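Residue numbers (the working numbering), protein chains in the order written: chain V, 1 to 495; chain X, 1001 to 1495; chain H, 2001 to 2178; chain D, 3001 to 3178.
Derived from the structure by calculation, the hints contain no laboratory data. If you're wondering where the values come from, they're calculated on a predicted model, not measured in any experiment. A portion of the hints provided could be inaccurate.
Using 25 Å as the maximum straight-line C-alpha spacing, the simulated DMTMM-like pairs for lysine to aspartate or glutamate come out as follows [stated by the list, open to error]:
{"no.": "1", "chain 1": "V", "residue 1": "K27", "chain 2": "X", "residue 2": "D1454"}
{"no.": "2", "chain 1": "H", "residue 1": "K2015", "chain 2": "V", "residue 2": "D456"}
{"no.": "3", "chain 1": "D", "residue 1": "K3120", "chain 2": "X", "residue 2": "D1447"}
{"no.": "4", "chain 1": "X", "residue 1": "K1346", "chain 2": "X", "residue 2": "E1451"}
{"no.": "5", "chain 1": "X", "residue 1": "K1452", "chain 2": "X", "residue 2": "D1424"}
{"no.": "6", "chain 1": "V", "residue 1": "K359", "chain 2": "X", "residue 2": "E1047"}
{"no.": "7", "chain 1": "X", "residue 1": "K1027", "chain 2": "V", "residue 2": "D343"}
{"no.": "8", "chain 1": "X", "residue 1": "K1003", "chain 2": "V", "residue 2": "D429"}
{"no.": "9", "chain 1": "V", "residue 1": "K452", "chain 2": "V", "residue 2": "D343"}
Taking CB as the label site, the calculated pair distances span [stated by the list, open to error]:
{"no.": "10", "chain 1": "X", "residue 1": "R1234", "chain 2": "V", "residue 2": "D454", "range": "46 to 56 Å"}
{"no.": "11", "chain 1": "X", "residue 1": "G1434", "chain 2": "V", "residue 2": "G193", "range": "53 to 63 Å"}
{"no.": "12", "chain 1": "X", "residue 1": "Q1325", "chain 2": "H", "residue 2": "S2027", "range": "51 to 61 Å"}
{"no.": "13", "chain 1": "V", "residue 1": "G282", "chain 2": "H", "residue 2": "K2154", "range": "47 to 57 Å"}
{"no.": "14", "chain 1": "X", "residue 1": "S1322", "chain 2": "D", "residue 2": "G3121", "range": "53 to 63 Å"}
{"no.": "15", "chain 1": "V", "residue 1": "S329", "chain 2": "X", "residue 2": "S1322", "range": "40 to 50 Å"}
{"no.": "16", "chain 1": "X", "residue 1": "K1346", "chain 2": "D", "residue 2": "F3038", "range": "52 to 62 Å"}
{"no.": "17", "chain 1": "X", "residue 1": "Y1153", "chain 2": "D", "residue 2": "G3121", "range": "25 to 35 Å"}
{"no.": "18", "chain 1": "V", "residue 1": "G282", "chain 2": "X", "residue 2": "Q1280", "range": "50 to 60 Å"}
{"no.": "19", "chain 1": "H", "residue 1": "N2070", "chain 2": "D", "residue 2": "I3160", "range": "47 to 57 Å"}
{"no.": "20", "chain 1": "X", "residue 1": "K1346", "chain 2": "H", "residue 2": "N2070", "range": "42 to 52 Å"}
{"no.": "21", "chain 1": "H", "residue 1": "S2150", "chain 2": "V", "residue 2": "R320", "range": "52 to 62 Å"}
{"no.": "22", "chain 1": "H", "residue 1": "E2133", "chain 2": "V", "residue 2": "G126", "range": "33 to 43 Å"}
Heads up, the beta-carbon is just placed ideally off N, CA and C, and yes, glycines get one too.
Single-letter residue listing:
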Amino acid sequence: MFKKILIANRGEIACRIMNTCREMEIKSVAVYSEADKTAMHVLMSDEACCIGESEPAQSYLNIEKIIAAAKETSCEAIHPGYGFLAENADFAARCEEEGIIFIGPSAKVISDLGDKTIARQLMVKGDVPITPGMTQTEPNPEIIAKEAEKIGYPVLIKAAAGGGGKGMRVVDSPEEIQEACTSASSEALSAFGNGAIYLEKFIEKSRHIEFQILADTHGNIIHLLERECSIQRRHQKIIEETPSPFMTPALREKMGNAAVAAAGAAGYVNAGTVEFIVDQKGNFYFLEVNTRLQVEHPITEMITGVDIVRQQIEIAAGNRLSLSQEKISGRGHAIECRIYAEDPEKGFFPSPGKITFMKEPAGPGIRNDCGVYSGFEVPVNYDPIISKLVVHAENRSKAIARMIKSLREYIVLGVKTPIPFLIDVLRSDPFVSGETFTDFIDEHFKDWKPEKGDIDMALIAYLADEMAGKTGTLSVAPESGGFSTPWQTLGNWKI
Amino acid sequence: MFKKILIANRGEIACRIMNTCREMEIKSVAVYSEADKTAMHVLMSDEACCIGESEPAQSYLNIEKIIAAAKETSCEAIHPGYGFLAENADFAARCEEEGIIFIGPSAKVISDLGDKTIARQLMVKGDVPITPGMTQTEPNPEIIAKEAEKIGYPVLIKAAAGGGGKGMRVVDSPEEIQEACTSASSEALSAFGNGAIYLEKFIEKSRHIEFQILADTHGNIIHLLERECSIQRRHQKIIEETPSPFMTPALREKMGNAAVAAAGAAGYVNAGTVEFIVDQKGNFYFLEVNTRLQVEHPITEMITGVDIVRQQIEIAAGNRLSLSQEKISGRGHAIECRIYAEDPEKGFFPSPGKITFMKEPAGPGIRNDCGVYSGFEVPVNYDPIISKLVVHAENRSKAIARMIKSLREYIVLGVKTPIPFLIDVLRSDPFVSGETFTDFIDEHFKDWKPEKGDIDMALIAYLADEMAGKTGTLSVAPESGGFSTPWQTLGNWKI
Amino acid sequence: MEYNLTIFDETIPVKADSEEENTISVSVNEKSFDVSFFRITDNLIHLTVNGRRMNAYISETREGKEIFINGRSYSITDADALEQAGAKKGGGAKASEDITPPMPAVVISIMVNDGDTVEKGQGVVVVSAMKMETTLYAPYNGTVEKINASIGDKVMPGEILIDLKKNEEKTDGEGGIE
Amino acid sequence: MEYNLTIFDETIPVKADSEEENTISVSVNEKSFDVSFFRITDNLIHLTVNGRRMNAYISETREGKEIFINGRSYSITDADALEQAGAKKGGGAKASEDITPPMPAVVISIMVNDGDTVEKGQGVVVVSAMKMETTLYAPYNGTVEKINASIGDKVMPGEILIDLKKNEEKTDGEGGIE
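So that you can see chain V by itself, here it is in the shape it has in the complex (with noise of 0.2 Å):
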């Protein structure tokens, strides 16, 4: 096994991959910017780079930088996590140059599953169901007009690059193709460099499930059960869980075989999540192939009792899948929240900033994936996530139980969560019968505002606090109760 391992990220992913490499017995090199000196994933490394300044192209999307730190303190593997350089197969390729260990697919599998049409293309090859629509990328408007009339409308303009829902139109009607088509493909241009989109059809009132496979190096593919994650806002998931309230254990058979099939298709290595969408018949289709650590990886951990980040590094070290297909079996609901420094009420814009207190819920079945801490600043330069709140319990009802009164009992103060916003959609009639649509914020939380809430309670709450003083809560304990002294004299230095 490893000695060594690098990972090549930040937050609250840097820590959970350290804390299994901990538990393994491998020591972790962190990686940071200058904006991230203290932060968290740093405080929890046993050696750590600083690798350039704040903006991620000059540090964490630094592939040299990267490679030189990894060379420097001898690491034998590199972890990307999620995000930043986790699908870009050139960081991969470099790896493999460098003969470094890249804890993930080959540079070729994340190239050719991050091209739309290509990933297409092979899951046809290997029988995996996809949406109707072009299997190549087409410069011509008026051939992807025909091609839409012969599909039906709505249909999907999408980027073959890229993702997060930028290049994508949903089209209703022929008047509106070209112009969809041009402004499409210049978005997709701008923001990926490559301007190449195709077409699918449409798919109304879907549902988001995908399924958590793993691969290794020895040909032996299973996956480990679905995870619905239709909650979305700005195309961005905001709560997963797992089983899916739509699913039957015959759908799940079915879907489980093509996610292995698609997975097998694509010639994959280590975890991945292969994506559908799936109507309200229960036809199913591939959407894309996450070639990476998916952020609500935790929710099948929970109800498998498989890690997964320990899958992927023993993988990765080439070692066979000790778990076979008839062993997965998931054991109660597991529900995640995203907690972002974001505000709710304003678009979920970030909101960056000092922490200035957080205490974090626990209790049983309650796991919080944390990468920040009271007193971290929030840096404006990366995604601002805080943490993912995930619960377990024996079941969907009981689950969310949990999650709200976990909710409840996480308090953030000095920037905005999205906190009362995940209590009233866990609260709310659809969520509860599990109407779990991917337009359910637009349909059911448009224009949400928290209610006004006990503003009497939080009078008296501020009365009382000026009432009772400050305890100078230092380290230093008063020898028999009341008020502490509230400032150590600092040390003297004797010269």
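Given the coordinates of chain V, work out where chains X, H and D should sit on it, guided by the hints.
Just chains X, H and D now, with coordinates in the frame of chain V:
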């Protein structure tokens, strides 16, 4: 379901019960002594009643004050936790009289099983194996000596009442038996007000293995698998795990059936624990039934996915068990370490005082049932438990690795804890190989002292702390990094 | 002792009287509350209000306190103290009429030219921060007087990106971030 | 800058020089260390020592600092500062020669009478605290001069329960709690 429950306990177990109440949308009422005005269980409660002075007899053991508190706050039920009044038949009887539901078995069952000889008689009737020996108390040492001759030395003189090792003597030879009877009886008399004793065969090199059972008011009884609790100091468990490293599926089935039979023989209702001692050949003998929630119940929750407190409340409300024996299975391995304020270098003597700083471990598969906080003063009046640290992982070796990591990341300053001792036990060869007998600590760790550790690093930390000055981490964020004002002026009242 | 506290843009007079340590009688909008409290840490006050227990987590802010109770956060300021401190910035309403990024950001596109007439709610500048693009809208009907930023500029909150001359029509002070 | 720090009853001279902010060169017992540090909170210093990162959790105590690193806690005092502060109690060794409970406790039994001769290590008093009984032992061979407690008394650390007159033989200062 109940609307409001009184929790007649304090510390981590009161908090743990409130967690489940909150998820079930049941209000919880705390009771507290003068010493516990700002204890964690009071802070977590919806309502709280002060029931008297710090001495347990004046408060947590005061039946009338607790009954009065329950009536005053209109509680429909009382959860006794463990310790204090949890196994007090009079308390259960008073609840019955007052029409308050006692969340536990009936007064009659508590009283029967609280007397070890009556319990042994019940087990004989129920075909549950007991250790060879007497099933009646015996005042005459001559008769006890004769019986000892018959079953063979070593033997155990045991008080019929109480527990915790008091009124118990191991006797190796006939010469010692008279004196042992006299001293055991007088010790029992002074401790429990009952000097009755009897004789059992002493089982050498034994393990302590117990089964969690659940029995509803409709005659359904199931077990939730075993826990091994052989690692004890001062007759008190400090490390528990499940499954037992000694267990085989065949033995589990036999012992599980015996546990269910034991519960049936006693007419048991609610959650309970049937304790056995198991010799090296796999022979097992009934030891006693704990008629309450057990300290170590979380490890069972981790591997079975069942919330035992929720089950207790459902059963007490008269509901039928929704679980059936064939649906109960264990997944992975769970270990619990008890973290007390105590000094492992000085015979585990309690070390009460102010917790000047505490940081709980967190991460996948870690649960810390905690009843204190940074700044709380552990009172001298009660059992000095701080928390129960529980881990869950795929198998025993991964669970051990996770526990060691968690212990290393568990920071408690201001009071002594057994954390370094526990780390050494978990790393030791006999523990790792599952050689866990009840004499484990005496055998392997009798005169344990911590290694000197990394003194250089500690000295360096001292110097760095002197150099760095204090930040005064108060709640106001400085506007632009650097040190904040150390002391906020108190708000002025306008008069 | 009396305060005028502002919460959700409403200023509410509150009164508190203390006869015993750790106990106050509070009146808010004519309603009375019996309150006892303990300070647990600088950030936590444990309250018992008419018998109901709750924990209030509190952090001082530049202008008051942020208070978190039962899953909700409240921002409260002392209206009198703010008044005393003087109207440094002309109040909150004015601020939201500026075309300025809500956080440090990079200018992605500028959708107007000097002299353009814009309508309230019309997009004028797109900025990007923390992986997210946001459009800044015209806070009122007006005419573009000056553009103070170029594409690619790093800009800070408070920096006015577009000087917009208000047209005659009255506005309600809305606008800013979508 | 030089210190004499006491850890595990050993006093160790240490030296620290700082040329840059947040960086010190430390020498301990002739060994040198390159150290950089960040204060994260009052209780946490993040250290990099010869390239190795670690977190030191620190709490001030009456006589020095309690420091927690990697699962172990260390108690460190400044020998010079203690000396300056004066030998208030005649040092720790003396204290452990008193027959006094280690924490607030209740006297359960007294096993000696006035005038008894006791041997070092012999049990003299049993106290109970936090559900646990503990025997206090004679710290040296001696004669019971006076018994200052009765059964049922609540007693505090520092309270001398038995005045024991030392017999001629030398002792090594051990005793106290079992």
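Distance restraint between K1346/X and E1451/X, which requires alpha-carbon spacing of 25 Å or less: Given pair K1346/X, E1451/X holds - Cα atoms ~15 Å apart, limit 25 Å.
R1234/X and D454/V, beta-carbon distance inside 46 to 56 Å? At 48 Å between Cβs, range holds.
State, for the Cβ atoms of S2150/H and R320/V, whether the hinted interval 52 to 62 Å holds or is violated. holds, 57 Å
Measuring from beta carbon to beta carbon, are Y1153/X and G3121/D in 25 to 35 Å? 30 Å Cβ-Cβ, so the 25 to 35 Å window holds.
Distance restraint hint 47 to 57 Å, applied to the beta-carbon atoms of G282/V and K2154/H: holds, 49 Å
Restraint check for K2015/H with D456/V, where alpha carbons must lie at most 25 Å apart: holds, 12 Å
51 to 61 Å as the expected CB spacing between S2027/H and Q1325/X, which holds or is violated: holds, 59 Å
So if I understand the rule, the pair passes when the alpha-carbon distance is 25 Å or less; does K452/V with D343/V pass? holds, 16 Å
What's the verdict on K1003/X and D429/V, does the C-alpha distance respect the 25 Å limit or exceed it? holds, 23 Å
Just to be sure I understand the hint, the distance between the Cβ atoms of G1434/X and G193/V should be within 53 to 63 Å; is that true here? holds, 58 Å
Is it true that G282/V and Q1280/X lie within 50 to 60 Å of each other by Cβ? Given about 56 Å between the Cβ atoms, the range holds.
Could you check the hint for me, namely that E2133/H and G126/V are 33 to 43 Å apart, CB to CB? Holds, since E2133/H and G126/V (Cβ atoms, about 36 Å apart) stay within the stated range.
In the structure shown, a violation is registered for the earlier hints numbered 7, 15 and 16, in ascending order.
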